[in-house]
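**Student:** Sequence:
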Amino acid sequence: MPVRFSLIFSLFSFWLSSPPSINDFGDLTLDAGELDALRKCKPGDCALRLGGQAVARFQAEVPWDAPDAGRRANLLARQLLLKYAEAYLKGGDGALGAAHDERKPRLVADDFRALIQDATNLYALAPQLAGYLAQYPGGPAVPVEEFLYWAKGGLGTEPSITLHHLVIYRDAAGGIFVANKQLYASRYLDASMLILWLAPPPDGKGYYLLAGVRGRSRLLEGFTARMLRGRIEEETRSYLRIYLDWLRKSLSPA
Numbered sequence: 002m003p004v005r006f007s008l009i010f011s012l013f014s015f016w017l018s019s020p021p022s023i024n025d026f027g028d029l030t031l032d033a034g035e036l037d038a039l040r041k042c043k044p045g046d047c048a049l050r051l052g053g054q055a056v057a058r059f060q061a062e063v064p065w066d067a068p069d070a071g072r073r074a075n076l077l078a079r080q081l082l083l084k085y086a087e088a089y090l091k092g093g094d095g096a097l098g099a100a101h102d103e104r105k106p107r108l109v110a111d112d113f114r115a116l117i118q119d120a121t122n123l124y125a126l127a128p129q130l131a132g133y134l135a136q137y138p139g140g141p142a143v144p145v146e147e148f149l150y151w152a153k154g155g156l157g158t159e160p161s162i163t164l165h166h167l168v169i170y171r172d173a174a175g176g177i178f179v180a181n182k183q184l185y186a187s188r189y190l191d192a193s194m195l196i197l198w199l200a201p202p203p204d205g206k207g208y209y210l211l212a213g214v215r216g217r218s219r220l221l222e223g224f225t226a227r228m229l230r231g232r233i234e235e236e237t238r239s240y241l242r243i244y245l246d247w248l249r250k251s252l253s254p255a
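Using this note's numbering, the first residue of the sequence shown is number 2, and each one after it goes up by one.
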């Protein structure tokens, strides 16, 4: 049964055009909590995960006491997320800079490098896909379907703005891999990746489905680790239900 991946665009309503444009982020709106956090943000002391330049721009370009401060902050947030997407498309993980929400900046590329290097099962099952994700966009060409999208939700009580790279890869044996690589999250997670593997059974009827999620977060090292782990498990089950529903709709008779 072939999978009609064009249906994926109905699942991710905030997918980015190629090339991305500011209009792709027209529905992105910061809530009161995010605006308050941005007002107080300083390099090394921020409730949101932002790079040093982003923190500086929010402090320099948004007149926080002005009546239209929210509108200006929303516009700047859209511009920054667009710039982030453009940087990734040109330079991959290495172009994403560092998060300055804590005293010691943390390079985004380091978190993704550790995340993918530890994904030994992915390297064993789909080495081409693993290499593509690790070296994007500078590695060997691999036949994939892919796009970027953004979302707003989250693991904790406060929403998180996220940016994702979704890659669909078909191996020579008829297996299908769907990799959802989170490029940015404004809260909670430093890096994460969801992998779905649809493996064809010997009789060729349907697919076996295996799913795996990997994530890295400094919050998992502190006193909030138990709470956050529970939320990650809950959100992972929710994501998998969404993907399973999409896959059921995407399967069609041969």
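Hints may be right or wrong, so weigh each one.
Under the rule of at most 20 angstroms between Cα atoms (straight-line distance), these lysine to any residue pairs were calculated in the SDA-like manner [unchecked claim]: (1) K153 with N24; (2) K91 with K153; (3) K43 with N24; (4) K91 with F148.
The hints are simulated quantities; they were obtained by calculation from the structure and are not laboratory data. Just so we're clear, the structure is a prediction, and the values are computed from it rather than from any experiment.
**Student:** Does each hint fit the structure? Answer for all of them.
**Tutor:** Here is how each hint holds up against the structure:
As the CA atoms of K153 and N24 are separated by approximately 16 angstroms, the hinted pair is consistent with the 20 angstroms bound. Using a Cα cut-off of 20 angstroms, the hinted pair K91 and K153 is violated, with the two alpha carbons roughly 24 angstroms apart. Between K43 and N24, the direct Cα distance comes to roughly 28 angstroms. Violation of the 20 angstroms bound is thereby established for this hinted pair. Restraint check for K91 and F148: the C-alpha separation of about 14 angstroms stays at or below 20 angstroms, so the hint holds.
When each numbered hint is compared with the structure, violations occur for hints 2 and 3.
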